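Asks: Chain by chain, the residues run as shown.
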Amino acid sequence: MTTYIIRRLIGAVIMLLIVSMVTFAIFFLVPRLAGATPESLASRYAGRTATAETQKLIADRLGFNDPLVVQYGRFVKGLVAGSEFDTGASIEQCPAPCFGYSYITQQPVWPDLVDRSRVTLSLAVGAAAIWVFAGVAAGVVSALRRGSFFDRAAMGIALAGVSLPVFFTGMISLVFFSYSLGLTAPGGTYVDFTVNPAQWAYSLILPWITLAFLFAAGYARLTRAGMLETMNEDYVRTARAKGLPERTVVVKHGLRGALTPIVTIFGLDFGLLLGGAVLTESTFSLNGLGKYAIDAITNNDLPKVMGVTLLAAVFVVVANLIVDLLYAVVDPRVRLS
Amino acid sequence: MSVGNGGSAGHLAVRDLSIHFPTDDGLVRAVDGLSFTLERGKTLGIVGESGSGKSVTSLGILGLHKGGHARISGEIWLDGEELVSASADAVRKLRGKKMAMIFQDPLSAMHPYYTVGHQIVEAYRIHNQVSKAAARRHAIDMLGRVGIPEPAQRVDNYPHEFSGGMRQRAMIAMALSCDPELLIADEPTTALDVTVQAQILDLMRDLQREFDSALIIITHDLGVVAELSDDILVMYGGKCIEYGTADDVFYRPEHPYTWGLLGSMPRLDRAPTERLLPIKGSPPSLINVPPGCAFHPRCPYEERTEGRASTEVPGLLETEGGHLVRCHLPREERRAIWENDVKPMLETT
Ligand SMILES: Nc1ncnc2c1ncn2[C@@H]1O[C@H](COP(=O)(O)OP(=O)(O)O)[C@@H](O)[C@H]1O
Ligand code: SF4
Ligand SMILES: [Mg+2]
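As given, the protein sequences belong to chains A and B, one line each in that order.
Each number in the numbering used here comes from the position in the first sequence (counting from 1) with 38 added on.
Each number in the numbering used here comes from the position in the second sequence (counting from 1) with 114 added on.
Quick caveat, the hints were computed from the structure, so don't treat them as lab data.
Remember, it's a predicted structure, so these values are computed and weren't measured experimentally.
Yeah, the Cβ is synthetic: ideal placement off N, Cα and C, and Gly gets one too.
Hints should not be assumed to be uniformly reliable.
[What the hints assert, rightly or not] Computed footprint of chain A on chain B, listed as stretches where at least three residues anywhere in the stretch have a Cβ under 8 angstroms from a Cβ of chain A: (1) 199-209; (2) 213-221; (3) 236-242.
[To be verified] Straight line, CA to CA, 27 angstroms or less: simulated DSSO-like cross-link-like pairs of lysine-lysine: (4) Lys115(A) to Lys94(A); (5) Lys207(B) to Lys290(A); (6) Lys156(B) to Lys211(B); (7) Lys290(A) to Lys156(B); (8) Lys290(A) to Lys394(B).
I would like the entire structure built from these sequences, with the hints used as guidance.
Replies: Structure representation (structure tokens):
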């Protein structure tokens, strides 16, 4: 078991290194392919009014003329230990993890990322709780009443859930629940959990449900398929032969056996979502990572784009790591191998 | 649940039990008019080729014949209580407590995600209000009694950490954990190595004496029941075709199908593939059971019954002292065939 964990941890670290290299290479190369020179990059920091002389100087000081590998090394060092930027006018201290400064606002990227993560994390956690509960419950009931009215209705709704885009369901629910009925908060509202948990939930309930609807559908179908299989397993018959109540048979024996694929998919979905629920955040005007990324891309603000990309990659890799570890918890047969 | 004197004829009394499954292809008559009785401390062997309705019979007794549309009729009396007409919940409460079951493949019959001990504890605690610690001690005790070495350590193992024979021992421990009055073992050794089979059968015989339960052992292998059974019931096409004491069925069998089973028993002195008197053809589909005597398309003596075999269902009639046979051939003729033709063939080596 220990070697299993260590192996996965090493794998995750290697994965992150590769992701950071690839990301860095892309963001290093893309502007140059688009015709940017070290001087024009430097001008982003020096201001457009700076003379060609100053630009050249700053480009040198910021190391834009160094080879790719050296620049990557400096970037990683900034992430791990922080770094100093000599902009000519002054020396900026950029504490670890240093993702650099925004071209537009000249502010460090990392505090922004932390701030935006709170919103995205709030959105993801609430939505995930709803979709896992609703999706799994609907899937179990559908499987147990296969072919019934409930089964067909649930699977029909599930199909709608996976096929309808979030901006569509989101807009409709905003118009209906928020603007017409006044039941939920209008778009653009966000109250942080630490400020007021009740307000936090109230401000997010509609985005949660909208996002959950999209995911619950897949979980319902996955759970249904898994339950149809496990409820025919011999061990479920054994559970019944013991005289266990049907509820215990279904949940403890049937559902438990169907859990592995659900856990897997959940880890991947959740990790991806943490990188930014772009459509949901835009639809509900929530200032999360997804919206941050869109704004950064629109403004060509490379350090921000790179920061979001790397952070999203970290979320996915960490989520995968957690799934791998959960595997061993869910399926004891994994622990031995 | 009706309580009456119906059970007085035996600890377990099955009367005219039928279990039919309506399917898209037609009605599956998996069990058709089966009756038998069994006392505590006695063993009944139910024998027949695969597909003859043995498993459905045992599942039906426990109320586990699945498929929501199954039609069950007849009576099952266990210790004075009738189970067919009882509520599902009442039968559930008896399962595991008064009647328990061991299945063919112990690996798939145990949940892969729970420890062996947990699964025994679960079986015990559902019917006994005891603490987890007490239930765990009981589980360790049971594992020891079924011959698992170092039960206090093994109790925390998962099923995949046990060998096939040990898994079946653990299944037996689980089934016996509530000291049931009736234990049904459905092909308990079929999935095991030959060497392990004998050990498991020995264990079951010892434990049955110890626990004094009624035991039904289901198998397609007459050799298995020969060792263990007091009575033997031979099933064919969902029906009982011969029923009697083990001596009746082994030394005085009167049904051509039973002769066929005896002739196709694997014998230690011969290659496993070599059978003395193999039964030609294959068992009938339970949707289209042949009319008349279900065995007639495969029976070597079919023409001796003047056409009745394919038109008239033979009754299950007593031949002597509780020995029942379902065949149109006159008793004397059956005995003559057995004594003069079949028995000498089986005895030649
Ligand atoms: N739920 C069910 N629905 C339809 N047919 C069934 C069902 N369960 C068992 N059967 C059929 O009943 C017949 C007897 O099966 P079974 O009792 O398992 O035979 P055996 O245990 O003697 O090999 C088989 O033909 C099987 O296909
Ligand atoms: S009734 Fe006829 S066909 Fe059936 S077993 Fe007896 S002899 Fe054979
Ligand atoms: Mg069977």
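Asks: Evaluate each hint against the coordinates.
Replies: Status of each hint after checking the structure:
no., hint, result
1, 199-209, "holds (count 4)"
2, 213-221, "holds (count 4)"
3, 236-242, "holds (count 4)"
4, Lys115(A) to Lys94(A), "holds, 24 angstroms"
5, Lys207(B) to Lys290(A), "holds, 18 angstroms"
6, Lys156(B) to Lys211(B), "holds, 18 angstroms"
7, Lys290(A) to Lys156(B), "violated, 35 angstroms"
8, Lys290(A) to Lys394(B), "violated, 46 angstroms"
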